[in-house]
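Heads up: the protein sequence lines correspond to chains A and B, in order. Residue numbers for the first sequence follow the numbering used here, so the first one is 11 and each next one is one higher. Residue numbers for the second sequence follow the numbering used here, so the first one is 11 and each next one is one higher.
Keep in mind that the hints are not guaranteed to be accurate.
No copy labels: a pair is met if it fits in one copy or bridges any two.
Unchecked claim - No farther apart than 20 Å at their CA atoms in a straight line, the calculated lysine to aspartate or glutamate pairs in the DMTMM-like style are these:
(1) K264 with D302
(2) K212 with E310
(3) K68 with E310
(4) K98 with E62
(5) K38 with E62
(6) K212 with E285
(7) K32 with D301
(8) K196 with E288
(9) K212 with E288
(10) K68 with E50
(11) K196 with D211
(12) K196 with E91
(13) K55 with D237
(14) K98 with D199
(15) K98 with D234
These are computed hints drawn from the structure, not numbers from a lab. If you're wondering where the values come from, they're calculated on a predicted model, not measured in any experiment.
There are 2 protein chains.
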Amino acid sequence: MAAGLNVAVVGVTGAVGQTTLKILEERKFPVKDLRAFASERSVGKTVTFKGETIRVEKVGPGAFTGVDVAFFSAGSAQSKEYAPQAVKAGAMVVDKSSAFRMDPSVPLVVPEINADAARSHQGIVACPNCTTIVTVMPLKPLHEAGRLRRVIATSYQAVSGAGVQGVEELARQTLAWARGEAITPKFFDHQIAFNVIPHIDKFGAGGYTGEEMKLVSEVRKILDLPDLPVSPTTVRVPVFTAHSVAVNAETELKVTCARAREAFAGFPGLRLWDEPAEGRYPMPVTVEGQDDCFVGRIREDISLPNALNFWVVGDQLRKGAALNGVQIAELLIR
Amino acid sequence: MAAGLNVAVVGVTGAVGQTTLKILEERKFPVKDLRAFASERSVGKTVTFKGETIRVEKVGPGAFTGVDVAFFSAGSAQSKEYAPQAVKAGAMVVDKSSAFRMDPSVPLVVPEINADAARSHQGIVACPNCTTIVTVMPLKPLHEAGRLRRVIATSYQAVSGAGVQGVEELARQTLAWARGEAITPKFFDHQIAFNVIPHIDKFGAGGYTGEEMKLVSEVRKILDLPDLPVSPTTVRVPVFTAHSVAVNAETELKVTCARAREAFAGFPGLRLWDEPAEGRYPMPVTVEGQDDCFVGRIREDISLPNALNFWVVGDQLRKGAALNGVQIAELLIR
């Protein structure tokens, strides 16, 4: 271990892949050799890691031979195809896609919340969806303080949650507007500049989107509360990075604002920015680039005795994805 | 009446004042003479109404002599000072400010909902806050269908809700970004371009903002449900025009999605855009400039038996302000 590990990043040219490289460096993850994988069209490109230039390869036969830890952020189809190959080759897989999250044999882990679950892995540990992570971080200490009874989560999600193309689309449309040109949607279904789109992922049963149902099922699995009532609304907003979620949470026991603040402030990975009189509350532009999730606007719900409203913001490329993945890997190699 | 009415618009150069002129024209409101009032710094400017150029005046002694209907959208302090003068001079006042909304002797009216309340006026009829109007429009038919028990409203509010300066601020910051320059906040407390700000109006008791508490008290007054539990979160987003609200509404009686759709579609001023499979749901850029409010994303709440989630969008300068004001005036002169 002192000599380091052979690490593979699959989907290395994507927004999460790039952030994974950054975080492996920042946290001094013991990397001996780094292999950079991406799709066919990125082969030949290079990425930089610890000052070294690394050629991007396509996953082929024997790709994972000798790899100790593989981070997957290339999409669900790629994970389904290649993650079992990596496991077979002896690698531990940290999967950022939705491929295995709800598989009962695969732990779904946010290290601050359910690190123990990772121990039972059979080669793959899944990393939750970005919106799930940002939402579940304050839910855990609140559950410990008063036992969750019902959660209503309403999101404001950044375009980089949809990857590099989402960022390009917002930038392109905004620049077109600045030049006085017409705005045309290419990547998102509708204009995203100066608009909000109440639709992320595909529509499914009951009119809920895939993103909304991920939030429900993943929060339940991470908190080990399989029947927790969760009501989700997920919305894309013209923000580059960091997801915000307005949460209404009902508890069995009364949790005062003071008690909630204490619980949030004492939870690792969570920080309290809740001084409204000073105009201090979390926002995407102040949270972007930060590792922690930030909670503010904590209010007792005036419509119900045992409920709280609060506002949580997290950099969904970092804690919402790459950082959480690297934290999982740190657990696995311990 | 056939000869028309003398109409005054106070705050004529503002976003709502300008829209009021447009709507008076569009709806062929019987205007004989129009007087255009604004603050000192706008005196000497002109506005256009029905092709005529009208000089902007300052409200002075005798300003409302002979005026039949006065629309106030200059702010609360101005309404408090001048609306009683206008009433004394014999005018009927439609007040768009928050000055008199919660005054028990002043009706607070959304014509589709509580037109009857306007009859009891003593000179002033108040027009609700923009977010209230957009939120309360679908709540009324839902209440008729199943009796409201609790409402959780989470908003995505456009910058023009803060007036012309809000629009200028978003445009200025976005253009600075396009030129690669630093973004500086001047009008809003924080950067609004590519950001969301969970703070509208001043903070008050319990950590709620004025905007949030307006939503609570005004919805209750309009629906004549003084104890209705309402839980509000209001957020500014980088959108020019049209407010969106994610609503979770619990009812005494079960209201199915089908029944809710029917109730919404049959309510005047409300339209249904709820064909998710076709990517059809309301959004600010498709609703801007429209008179009606639009509802979509109607889903049974999976976390509670008798509750629905839906998404409502309205042009807050039109139905959320100027149009509602002109509709009130139409009631008054009937």
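Out of the numbered hints, which ones does the structure contradict? 1, 3, 4, 12, 13, 14, 15
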